[in-house]
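For the protein sequence lines, the chains are G and L, in the order given.
Quick note: the first sequence uses the UniProt record's numbering, first residue 1, plus one each step.
Quick note: the second sequence uses the UniProt record's numbering, first residue 1, plus one each step.
Worth double-checking, as some hints may not be accurate.
If several chains are the same, the list does not tell them apart, and a pair holds so long as it fits within one copy or across any two.
Below, a list of computed lysine-lysine pairs in the DSS-like style, where the Cα atoms sit at most 25 Å apart [what the hints assert, rightly or not]:
id	residue 1	residue 2
1	K156	K102
2	K198	K156
3	K102	K116
4	K102	K198
5	K35	K116
6	K156	K141
Calculated from the structure, these hints are not laboratory results.
Number of protein chains: 2
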Amino acid sequence: MAQKTVPDSTRRSERSRRAIYDAALALVHETGYAKLTIEAIAARAGVGKQTIYRWWPSKGAVLLDAFLDLADQASAEASEKAGHDVVQTEITDSGDLEADLKHVMRATVDEFNDPKYDAPYRALAAEGLLNPEVGAEFVEKLLEPQLQLFVRRIRKAQEAGHVLPDVDPRIALELWASPLAQRWLMRSGPLTHEYVDKIVEYALYGITRSRP
Amino acid sequence: MAQKTVPDSTRRSERSRRAIYDAALALVHETGYAKLTIEAIAARAGVGKQTIYRWWPSKGAVLLDAFLDLADQASAEASEKAGHDVVQTEITDSGDLEADLKHVMRATVDEFNDPKYDAPYRALAAEGLLNPEVGAEFVEKLLEPQLQLFVRRIRKAQEAGHVLPDVDPRIALELWASPLAQRWLMRSGPLTHEYVDKIVEYALYGITRSRP
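Chain G with its partners taken away, still in its complex shape (with noise of 0.2 Å):
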């Protein structure tokens, strides 16, 4: 791509978007979500308090693209680190969705477990419980792109083979998707490698001796 020429507003509005992202950021793990205010973010990032209303209607606007920012700032480091491109990445196709699953759902837990992502994700989850609008943003930006990952792994395994052609790939992925989001959202059990490896084998396999 040809290097554009920059104009220096466009560089100061740049510099002031990180700055509110990492205040936002720092601040929910601080001082925790209910406690954040528009002013206190403000008041860290070093900008007026219009600044921030100019471009978010409210606070959980804010976390939201901030997080969103950290996820994308996370997939640049792990593309760097390949040395090609992994911000879409796709769940492995090595022909063994039981491994494969399995493979990204340790990942996932191990993710879950990082305090870097808990107090964001966290706030985020529960401002869309009460908030409609976040709530949409929230699933649509960050909740739905995830889970489309597993919906195209199963496709490949019903074109495989090795899944039900009846089967609902958009629901299927929920039997693991939504236990380890609600064990991790609500604390209602530990959330281990050995505890994902059982859903996937469960949900793949059943819990019965046979199909009726």
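Fit chain L to the given chain G structure using the hints.
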């Protein structure tokens, strides 16, 4: 049981408590959880703010007890209608696990789609994500007792030889309970009888052609 003489002060307390529950449930419905305050609950209930703070540490704690009371009332009404105690309803064991699970899951869908439960339950779930103490109480008093009903039904199915003996019932139930909870909380998909029927079928029989 012998008729007890209830002292006036206990009756007054009971009246205040009920007024506080009613006020909290009405307000969370009308103004939303974010704008709910102890002050507003006290004003609506016609009690002093200090009365509420004497009994509960936070608005989340008030709402949790109000919701548990609402659930108790619903059970009491059901008992009266049925002419016997149904407070501790077990999941029916007709010998057909698929039919019994579909029955209870369809009833849960209907309950989640009832606006009376929607606002307070969603608010409690959100508060539980941000406030670990409310979250732990939510899980212990509300979520886990409901999940244990599935544990006991799965154990019976194991004794009858319908469910594989090495399946962990506390994990297996999440295959159908968590997808329903996540769809409802995140509004990430429609909640219908057809949906829960599929989830139950996939969980019982698996989504692949056969065991490995």
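Now for the hints, and whether the structure bears them out:
Taking identical chains as interchangeable, the C-alpha atoms of K156 and K102 lie at most 25 Å apart only when both belong to the same chain, with a minimum of 16 Å there against 29 Å between chains. Taking identical chains as interchangeable, the C-alpha atoms of K198 and K156 lie at most 25 Å apart whether they share a chain (22 Å) or sit on different chains (20 Å). In this assembly of identical chains, the alpha carbons of K102 and K116 lie at most 25 Å apart only when taken from the same copy (23 Å versus 39 Å across copies). With identical chains, the CA atoms of K102 and K198 are at most 25 Å apart both within one copy (9 Å) and between copies (23 Å).
In this homomeric assembly, K35 and K116 come within 25 Å of each other (Cα to Cα) only inside a single copy, at 19 Å, whereas the closest approach across copies is 29 Å. Taking identical chains as interchangeable, the C-alpha atoms of K156 and K141 lie at most 25 Å apart only when both belong to the same chain, with a minimum of 24 Å there against 42 Å between chains.
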